[in-house]
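Visitor: Construct the entire structure; sequences and hints are all you get.
Here the protein sequences line up with chains A and B, keeping their order. Using the numbering used here, the first residue of the first sequence is number 271, and each one after it goes up by one. Using the numbering used here, the first residue of the second sequence is number 23, and each one after it goes up by one.
Keep in mind that the hints were calculated from the coordinates and are not lab data. If you're wondering where the values come from, they're calculated on a predicted model, not measured in any experiment. Heads up, some of the hints might be wrong.
Computed list of chain A residues with no C-beta within reach of chain B, every gap over 10 Å [what the hints assert, rightly or not]: (1) Ala307; (2) Asp308; (3) Lys322; (4) Phe327; (5) Asp333; (6) Ile337; (7) Ala348; (8) Val351; (9) His357; (10) Gln359; (11) Cys373; (12) Thr382; (13) Asn383; (14) Cys389.
No farther apart than 25 Å at their CA atoms in a straight line, the calculated lysine to any residue pairs in the SDA-like style are these [claimed, not checked]: (15) B:Lys175 / B:Asn210; (16) A:Lys344 / B:Ser66; (17) B:Lys186 / A:Leu328; (18) B:Lys195 / A:Phe309; (19) A:Lys338 / A:Gln359; (20) A:Lys322 / A:Thr342; (21) B:Lys186 / A:Lys323; (22) A:Lys334 / B:His226; (23) B:Lys186 / A:Asn358; (24) B:Lys186 / A:Ile378; (25) A:Lys323 / A:Asn358; (26) B:Lys195 / A:Asn358; (27) B:Lys223 / B:Leu234; (28) B:Lys79 / B:Phe268; (29) B:Lys223 / A:Arg397; (30) A:Lys322 / A:Phe309; (31) B:Lys186 / A:Gly370.
Positions of the beta carbon are idealized from the N, C-alpha and C atoms, including for glycine.
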Amino acid sequence: MYQFTIRLVVIITIIASPNTFSHSDNPHNIPEGKSKADFLEQCVEATDIMRKKHFNFLYHQRDKTVIKGIRTKKHSLANCVDCHVAHNQQGEPIPVNSEGQFCQVCHIKTATNIDCFSCHATVPRDRMSKNILKDNLNKASDLQNKTDKLLYYYQITLNEK
Amino acid sequence: MKNKHTISRRNFLVKSITALSAIYVVPDIFSNVSAAKPPNIEVSSKTRWGMSIDVDKCVDGCTSCIDACADENGLYGFDRPETDSQWIRKLTLKDIKTEKITVLPMLCQHCENPPCCDVCPTGASFRREDGIVMVNQHTCIGCRYCMMACPFKARSFVHENLTKQLTNSPRGKGCVESCNFCANKIDNGSDSTACEEACMKEGHNAISFGDLNNPKSRVNIAISKKPNRRLRADLKLKQTVTYSGF
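Guide: In structure tokens, the structure reads:
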């Protein structure tokens with residue numbers, strides 16, 4: 271009986287854990303105008319250090335990630351966006367760099383211009399969000415012309431020798 | 023007096039051979055364990071990613087690898103096929119002598135001697151320790167020398183402002199980009215690329231990816247089954263993407 275109880279507890283814990291322990295990305299838990307960060311005490315480093323040095327961490331992390339393949343979350347830009355992005359009434363994230371949003375307000379005050387968000391996603395967006403690619407025109411069928419143009423080029427090059 | 027520590031000639035040989043074989047065999051066993059890398063460890067030359075493409079198995083008209091790549095990396099175009107980004111494409115080859123037509127997927131060949139890196143003025147094109155050739159978009163100035171240097175036309179340039187990038191695949195105007203063997207997936211422990219997965223899912227199994235240093239990886243198994251060759255081997259670029267069946 272004791273064994274059985276233990277097993278039951280273990281099984282229940284395992285089944286229940288995805289809902290209780292993980293950082294679920296459900297935006298509907300977050301009220302309008304709020305971000306995950308609004309419910310937390312501290313940033314990834316002490317907040318006053320972040321205020322002064324967040325760009326140093328980011329610059330460091332980007333070389334670590336791109337050159338060395340280190341993908342830790344702590345100083346990752348993707349993670350900043352995930353935690354700091356605010357949500358609108360529908361529970362959808364508002365781009366972090368849009369007017370009045372987290373990565374924009376201070377920079378306006380200090381006349382800082384960052385280009386990061388011309389490439390980096392301004393809201394958490396993973397490949398599962400189907401709507402992004404609904405207007406994906408980069409499908410193979412459209413690119414057949416491109417292939418044909420290269421035909422000639424490769425005829426020559428690939429058959430030498 | 024006889025020295026108790028002397029070992030016979032026979033003993034000496036046996037022991038040294040055992041020790042030597044341990045040196046040679048043990049690392050092999052370890053490297054077989056797994057190529058999967060935890061996200062906090064930096065990449066090293068112990069792994070060397072590569073791909074083998076069996077052209078016989080690649081089905082004419084199938085575009086699942088291309089579509090999977092577009093989905094994985096959020097590549098969307100502007101209905102301008104001449105300039106839209108493409109990391110993998112289907113290429114039609116015609117043998118001039120036999121007139122035989124071959125269709126094969128063409129992507130960055132991840133050369134060991136990459137001409138793109140040779141010509142890059144800022145060092146933005148580089149070969150990562152684990153053999154992946156990629157663009158560091160933070161230092162890329164968009165000069166496109168690499169695109170001209172590449173004999174496979176594997177690279178694309180982003181000409182327009184983009185807005186709906188995926189979190190895992192930042193990309194933007196003014197930079198060159200190309201296949202990076204799904205570096206983000208791999209760094210997080212995967213040993214497969216989006217195109218390989220898609221090709222397997224279709225049941226075609228034309229693409230085999232894996233660690234070339236691991237004899238049991240899918241790519242090495244594919245290479246051992248069928249002779250592979252490099253495109254334009256005369257250029258001596260030592261690509262890690264190889265082709266079989268044509």
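Visitor: Holds or violated: A:Lys338 and A:Gln359, Cα atoms, limit 25 Å.
Guide: 40 Å, violated
Visitor: Assess, step by step, whether the Cα of A:Lys344 is no farther than 25 Å from the Cα of B:Ser66, and give holds or violated.
Guide: Judged against 25 Å, a Cα distance of about 22 Å means the pair holds.
Visitor: Holds or violated: B:Lys186 with A:Lys323, Cα cutoff 25 Å?
Guide: Since the Cα atoms of B:Lys186 and A:Lys323 sit roughly 28 Å apart, the hinted pair is violated (cutoff 25 Å).
Visitor: For A:Ala307, is the shortest beta carbon distance to chain B beyond 10 Å?
Guide: Check passes; 17 Å lies beyond 10 Å.
Visitor: Beyond 10 Å from every Cβ of chain B: is that where the Cβ of A:Thr382 lies?
Guide: 17 Å, holds
Visitor: With 10 Å as the threshold, tell me whether A:Asn383 passes as away from chain B on beta-carbon distances.
Guide: 15 Å, holds
Visitor: Please work out if B:Lys195 and A:Phe309 have their alpha carbons no farther apart than 25 Å.
Guide: 35 Å, violated
Visitor: A cut-off of 10 Å on Cβ-Cβ distance, and A:Cys389 was said to be off the interface with chain B. Does that hold?
Guide: 3 Å, violated
Visitor: Is B:Lys175 within 25 Å of B:Asn210, Cα to Cα?
Guide: Status violated; Cα separation ~29 Å.
Visitor: Is it the case that A:His357 keeps its Cβ farther than 10 Å from each residue Cβ in chain B?
Guide: The claim holds: A:His357 sits with its nearest Cβ about 16 Å from chain B, beyond 10 Å.
Visitor: Please check whether the beta-carbon of A:Asp333 is more than 10 Å away from every beta-carbon in chain B.
Guide: At roughly 8 Å from the nearest Cβ of chain B, A:Asp333 sits no farther out than 10 Å, so the non-interface label is violated.
Visitor: For B:Lys223 and B:Leu234, compute the direct alpha-carbon distance and say whether it is at most 25 Å.
Guide: 23 Å, holds
Going down the numbered hints, you'll see the structure goes against 5, 6, 7, 8, 14, 15, 18, 19, 21, 22, 25 and 26, while the others check out.
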